[in-house]
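Number of protein chains: 2
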Amino acid sequence: MIDLYGCQGRLDNVDFLVRVLETASERMGSKIVKKVTHKFSPTGVTVILILAETHISIHTWPESQYAALDVFICNENVDPEVGWRAVKEFLKPSHFSVHKLKRKVG
Amino acid sequence: MIDLYGCQGRLDNVDFLVRVLETASERMGSKIVKKVTHKFSPTGVTVILILAETHISIHTWPESQYAALDVFICNENVDPEVGWRAVKEFLKPSHFSVHKLKRKVG
Numbered sequence: 001m002i003d004l005y006g007c008q009g010r011l012d013n014v015d016f017l018v019r020v021l022e023t024a025s026e027r028m029g030s031k032i033v034k035k036v037t038h039k040f041s042p043t044g045v046t047v048i049l050i051l052a053e054t055h056i057s058i059h060t061w062p063e064s065q066y067a068a069l070d071v072f073i074c075n076e077n078v079d080p081e082v083g084w085r086a087v088k089e090f091l092k093p094s095h096f097s098v099h100k101l102k103r104k105v106g
Numbered sequence: 001m002i003d004l005y006g007c008q009g010r011l012d013n014v015d016f017l018v019r020v021l022e023t024a025s026e027r028m029g030s031k032i033v034k035k036v037t038h039k040f041s042p043t044g045v046t047v048i049l050i051l052a053e054t055h056i057s058i059h060t061w062p063e064s065q066y067a068a069l070d071v072f073i074c075n076e077n078v079d080p081e082v083g084w085r086a087v088k089e090f091l092k093p094s095h096f097s098v099h100k101l102k103r104k105v106g
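Residue numbers (my numbering), protein chains in the order written: chain D, 1 to 106; chain Z, 1 to 106.
These are computed hints drawn from the structure, not numbers from a lab. Nothing here was measured: the structure is a model prediction, and the numbers come from that model. There's no promise every hint is true.
Note that the list lumps identical chains together, so a pair holds whenever it fits in one copy or between two copies.
To be verified - The calculated lysine to any residue pairs, modelled on SDA-like cross-linking and capped at a C-alpha distance of 20 Å, are:
{"#": "1", "residue 1": "88", "residue 2": "62"}
{"#": "2", "residue 1": "102", "residue 2": "72"}
{"#": "3", "residue 1": "92", "residue 2": "14"}
{"#": "4", "residue 1": "100", "residue 2": "70"}
{"#": "5", "residue 1": "104", "residue 2": "64"}
{"#": "6", "residue 1": "35", "residue 2": "70"}
{"#": "7", "residue 1": "35", "residue 2": "86"}
Just need the whole structure built from these sequences, with the hints factored in.
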């Protein structure tokens, strides 16, 4: 879970954010199985991709230049760091905070 | 983020899991804006609801009686605990682990 502050990317642009998450997924080598987006009024976007390896989601608050990113991965051969680095490249946050959580099946 | 172990609910049934998350959202007083589901082969389901207050998602591993639930809420008047209690009622886990994370906009 990553909080991105001071983002320079276009946080109110659905197509841009879809491209960001698609790129992140591709770089991780993840398979995208479904996509859902929503543009809030007056501002804010949600994009979620269901992956074969769980999901990646972003919620944006453009008025605060803030985005909340989740990279949830259930395959040890897929590195969520790679996805996060791609998002960082696009959104150019001035600062951020990262929380890692290991979850165990069964 | 909640890991549910030893679930008795029908973890391979998309309609059931949609009803679970819809009920959780309703009890929290959340507005559902979009829904996306996926049934994996041979087993496993993902259901994600975009809410006006962010999202609620579940990923299931029926073969392990395990489900990973996220209740991500950005409105202080909406209590994620209420949503989690609803899910617990339906899925009846024998045990579970809960991780809370406060995220700050801007």
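Handout entry: Copy assignment of residue 35 with residue 70, given that the CA separation must stay at most 20 Å
Key = both (15 Å within a copy, 18 Å between copies)
Problem - Alpha-carbon proximity context of residue 102 and residue 72, limit 20 Å - result: both (10 Å within a copy, 17 Å between copies)
Problem - 20 Å Cα threshold - placement of residue 14 relative to residue 92 - result: Close inside one copy (17 Å), not across copies (37 Å); limit 20 Å.
Practice task
Give the relationship of residue 35 and residue 86 under a CA distance limit of 20 Å: within one copy only, between copies only, both, or neither.
Solution key: within (18 Å within a copy, 26 Å between copies)
Practice task
Using 20 Å as the alpha carbon limit, work out where residue 100 and residue 70 are close: within a copy, between copies, both or neither.
Solution key: both (10 Å within a copy, 14 Å between copies)
Handout entry: Within, between, both or neither, where residue 88 and residue 62 count as close if Cα-Cα is 20 Å or less
Key = within (16 Å within a copy, 34 Å between copies)
Handout entry: Intra/inter-copy verdict for residue 104 and residue 64 if alpha-carbon distance must be at most 20 Å
Key = between (34 Å within a copy, 11 Å between copies)
Consistency with the previously given hints is maintained throughout, with no hint failing.
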